[in-house]
Every structure is written in structure tokens, then in C-alpha cells.
Amino acid sequence: MFEATALNRRNDRVQKTFRLALGGMTAILILPVILILGTLIYKGGPVISFEFLFTGPTQGMTAGGIFPALLGTIILVVVALLASVPLGVAAAIYLSEYAPDNWFTRTINLAIINLAGVPSIVHALFGVGAFVIFFKFGTSILAASLTLAIMTLPVVIVATRESLQSVPMAFREACWNMGATRWQTIRRVVLPNAITGILTGVILEVSRTAGETAPIMFTGAAFFLPLLPQSVFDQTMALSLHLFVVSTQVPGMPEHLPYGVALVLIAMVLLMNSASIALRMYLRGKKKW
Amino acid sequence: MVSPAENAMPAAGREGRVKVGVRDLGILYGAERALDGINFDIREHEIFGIIGPANAGKTSFLKAVNRMDMFNSEMTVEGTITFNGLDIRKVRNVYGLRSRIGVVFPLPVGLPMTVYDNVALSPRLKGQNEKAELDVIVERCLRRAALWDEVKDRLSSLGSMLSGGQQQRLTIARALSQEPELLMLDEFSIAVDPVTTMRIEDVLKELKSEMTIILVTNLVQQARRLADRTAFFLEGKCVDVGITEDLFTGEVSDPRTRDYIEGRFG
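The listed protein sequences correspond, in order, to chains A and B. Quick note on our numbering: the first sequence kicks off at 37 and runs consecutively. Quick note on our numbering: the second sequence kicks off at 80 and runs consecutively.
Chain A extracted, bound-state conformation:
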């Protein structure tokens, strides 16, 4: 009584074809990732050592480690986050929870989304004009970090706004009905349930910031520095720029060294992405409605 009709067989054939095609596309997508990671680990792996990570470059950067660049990248990202996260989250809360839904708010939202699409080299030039020259920070960690912060702001705002808006309206209404002010509602009900999305957005942003080269090249990252930076008004080395330098600018570079630098940079990004995923999974386990 359950014999397959011609239509059943045809549907089954089509479904198998699509499964194969979609699976194949996924495989093609994964292949480059595996190739890149494999090459980096194979060629760069032998260079990695405690010394490589924690000493400075020597002999015109053809030997020694990458410590100043590694530290520089961490400092740049941390200072950038200190500027962009409070500003971005605050703006997102205002836009999502307070701003009336009118043409003006919609224009601001559109502007923010467009800002995310501005090429990083344009942000770099803006950084030079605004922070290096106008605010007289000079080429410094502060100028470079603020440039990175401007670049990451739209993504922080969009990620925060989206996670705020994923909190059901009924929760807010229930809270308002009890006589809570908007801020009490945000603090007690909205933020605790949006924090997962906000954190995920921020961490993903960190990993992108760590790899950026253009915005810091003219604003605060240096080719080579013999000393570590002493304050935010000093220049610093950075991993991304260092990779560019050792790959293309230095003659007589041992083959494995650039691969080692790239491996460290990628490992840093992967580590932060995994941390973001782990955090999300941990917090999601606690949030249910």
C-alpha cells in the first residue's frame, strides 16, 4: 500500500541532488580554510616557541621574536574597546529604547549602517586628519586606537541594537505596567537578556580589530621600535603591520618567520572567536523564554 509513485521517486531524486549540491558547496567553502590553516601550521609551526612570543626582533627583524608587536596589538585593541564599547552600547540603548520611531532616527540608523561599509583606508585617513593632526595626538597608540574605535563603532551599535530588539516587547510592557521607569526596565529586564548578544558582537569585533592594518599604519603603528611604548602617546609595533613588513619589506628574511607571525595572528583571532562562542553557549544555557 505504500509503493512509491512516479512523483514520489522524482521528489526523492530531486531531494538527493540538492543535498549533494548544497553539501558540495559547503565542502568548497571549508577547503580554503583548511588549506590556509594547514600551510600556516606546517610552515610557521616550527618557529613558534616561548622565545619567539616573548622576545623582541633582532638582526634587522630577521631573527628573534615578536613580543613588541604582540603586546602592541593587544594594547591597541584594548584601548580601542575602551573607547568604542561604552560609546557604542550607550548609543544603541538610546536608539533602541528611547528614540522615537521617526524619520530622524531612521536616518541615523541608516547612517550607522553605511558607516560600517566605509573602507578601512578611508577610516585611516580620517584618523590622520582628526586624531593625529587636529587633536594633536601625533602618531600614537591613542590616535591609532581611536581610529580603530571609530571603525568598530557601527558594528558594536548594530550588534547591540539587534540583541536589545530581540528581547520581546511584552517583557518591557509588563515592567512598565508595574510602574517601572524606562531605565529600570532596561537595567532589570532588557539588558540582562541582551547581554549575550552584546558580548558576542563585541568579541567578534575584537578579532576583526586585531587584524586591521590600514587604519593603524598612518596613525600609530611603527615599522620597528627598539623600545616598548611607555604611554598611549608613544608609537607601537603591531602584529598585522609587522607581518606586512617581514613579508615584503625586509631582504634576507628566513622563510619560516612570516608564517610564524601569521600563525600567531590567526591563533589570536581564533582564540577570541572560540571564547565568544563558548561565552555565548554558556549564557544561552541560562536564558530561556
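Worth flagging that the hints you see were computed from the coordinates, not collected in a lab. Backbone N, C-alpha and C fix where the C-beta goes; we use that ideal spot for every residue, glycine too. Be a bit skeptical, because a hint or two may be false.
Claimed, not checked - Residues of chain B clear of chain A, computed beta-carbon distances all greater than 10 Å:
1) ASN118
2) LYS231
3) LEU234
4) LEU286
5) GLU314
6) THR323
As the list claims (entries may be wrong) - Not the full set, but computed from the structure, chain B residues with beta-carbon under 10 Å of chain A:
7) MET147
8) PHE150
9) SER152
10) VAL173
11) TYR174
12) LEU176
13) ARG177
14) SER178
15) GLY181
16) MET192
17) SER201
18) GLN257
19) MET263
Claimed, not checked - What the simulated footprint calls covered on chain A by chain B, stretch by stretch (three residues with Cβ under 8 Å from a Cβ of chain B suffice, anywhere in the stretch; the number is not a length):
20) 211 to 217
21) 222 to 228
The hints should help you fit chain B onto chain A, whose structure is shown.
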């Protein structure tokens, strides 16, 4: 034939202080009219039923009483509503007004926090942070909402994970934690099984001695079981208002009320 406004005047032997007075109330969403020309008084310690089909303006009425129009720029309220004799639109401290009014929604809204925190939220909003005090309030409110026995061992589990009927009693407990003078229930039994509905109805009968209750319902028989007086809303107008038993025994000012109550439409 008696007009709704005259019918709203205190009937002999049933006089009580006016808790909520409604005069020429109209509500618009943009240009669309949701309520028009509503006049009646809701007295202290009565259960005031509001019945009527969908889109009659019942929920809009509750929103207006709680000044929720402030959160909706589309919504305009005409006429006046008084609470304890004060025009609610002249009340500067709307938070104070809202905290005196408990609201229960059609679909239970268990906030995504623990059972304990759900009930402790309102006292905390008012600045009560002492654990011992909160413990007392939480237990009292959960007991009154007939939920304590079922959740006393899992006060720290998520309120939003309770069953629908339990969540609805949780929202009632949360409303009671406000120590409200007025409790407004909006079709509370939609997502609740019949047994739980009866338990909540018993709770409401007890609460009547302490507060005024507005019961919006689309179950005509529920209004008959609970409400002292009932208003019948239809297409944004208050067609009839009077003592519930009178409406059910046929003493209506508009034939449509009888048709609705007897189930001929709606």
C-alpha cells in the same frame, strides 16, 4: 430605556466610593477610533466585568487607565479618567499611579528571571532590598495566587519555564506584590486550563475585599460568575452597563446585549 450613563449612577443599596471614573472617554490609534463616548464609574471593592467581542476596545480601555498611551505615540486619549477622584492625566508621577494598578495580560508574561525575582521585582523597583522582607512578600503573594505549593521548592528556577497556568498565577502573584488598589485582568483565562481558571476565579473573589478588580473577559459566563456589575463593549462603544444579574436576566437597554449574552453573535 435607560442610557448607559444613567445606568452607571449608583444603584440603591450598592453605593461605594468611586475608584475609577470614566467620562466621555475616547481612544484613537492614529485616525482610527477604538473607543468612543464611554461613561461609567467603577466602585471600590467591586469586580467590574467588561465583556464584548474582539476589537470592541476592551484592552485599549485598560491601557488608558494605566497611562500606557505614553509609550505609544499613535494612541490618543480623549475625555477623562479619574483614579481616587484625581484626573489621571494631571498626575505628574505616573509611576506612582501605575504601581497602584496591577495588570494581568491574556498571555502569561513570566519574565525571564527566577520565580522569586519575578515576584520580588516590584518591591525592588520601589527600593525594598532587604532579603527577609522580600522573602515574606514573595511567599505571601505566591500563596495568595494559589501557586506557593507548586513552586516553593523551585523558587530559583526560571519563571518563564513554568507551565502556562502556573505562569499566569505567577503574573497574578507579581501583580499582587505591587499591593495594588486596582487589579486589571485582561482575558486572563485564554491560555489557562479550566481547573486553574476556577482556582484563579476563587482567588479573585477573595481579593475583592481588599481591592477593586476590572475583569475583561470574552467568556460571558465568567463575567456572570464573578462580576458585580458588567459593561458590554461593542465596536468601540459601551452599549450597556449595569448589575451583572440584571443583564443576564434580560434587563438590558440594548437588544444587542441580550443577543451577545445568549450567544447569538460574537
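Hints and how they fare:
1. Consistency note on B/ASN118: stated as away from chain A, and its beta-carbon is indeed over 10 Å from all of that chain's, at 25 Å minimum.
2. Distance check for B/LYS231 against chain A: the nearest CB is about 21 Å away, which clears 10 Å, and the non-interface claim stands.
3. For B/LEU234, the condition that its CB be more than 10 Å from all CB atoms of chain A holds, with the nearest at approximately 16 Å.
4. Distance check for B/LEU286 against chain A: the nearest CB is about 17 Å away, which clears 10 Å, and the non-interface claim stands.
5. With a minimum CB-CB distance of about 25 Å to chain A, B/GLU314 clears the 10 Å threshold, and the non-interface call stands.
6. Every CB of chain A lies more than 10 Å from the CB of B/THR323, the least distance being 26 Å, so the non-interface label holds.
7. A cut of 10 Å between beta carbons decides the hint on B/MET147: the least distance to chain A is about 7 Å, and the hint holds.
8. The beta carbon of B/PHE150 is positioned within 10 Å of a beta carbon in chain A (closest approach about 6 Å), and the interface hint is therefore held.
9. With its C-beta approaching chain A no nearer than about 6 Å, B/SER152 sits inside the 10 Å limit, and its interface hint holds.
10. Interface restraint check for B/VAL173: the shortest CB-CB distance to chain A comes to about 8 Å, inside 10 Å, so the restraint holds.
11. With 10 Å as the threshold, the beta carbon of B/TYR174 comes within range of chain A, its nearest partner Cβ sitting at about 4 Å, so the hint holds.
12. Interface hint at B/LEU176: satisfied, since its Cβ lies 7 Å from the closest Cβ of chain A, which is below the 10 Å cut-off.
13. Among the interface hints, the one on B/ARG177 holds; its C-beta lies about 4 Å from the nearest C-beta in chain A, closer than the 10 Å criterion.
14. Checking B/SER178 against chain A: minimum C-beta separation of about 3 Å stays under 10 Å; hint holds.
15. Restraint check, B/GLY181 versus chain A: the minimum CB separation of about 8 Å is within 10 Å; hint holds.
16. A cut of 10 Å between beta carbons decides the hint on B/MET192: the least distance to chain A is about 7 Å, and the hint holds.
17. With its C-beta approaching chain A no nearer than about 5 Å, B/SER201 sits inside the 10 Å limit, and its interface hint holds.
18. Taking 10 Å as the C-beta cut-off, the interface hint given for B/GLN257 holds, the closest approach to chain A being about 6 Å.
19. Given the 10 Å rule on beta carbons, the hint for B/MET263 holds: about 9 Å separates it from the nearest Cβ of chain A.
20. Residues of the region 211 to 217 of chain A lying with their CB closer than 8 Å to a CB of chain B number 7, which satisfies the three-residue condition for coverage.
21. With 3 residues having a beta carbon nearer than 8 Å to a beta carbon of chain B, the region 222 to 228 of chain A meets the requirement of three or more and the stated coverage holds.
Checked against the numbered hints given earlier, this structure breaks none of them.
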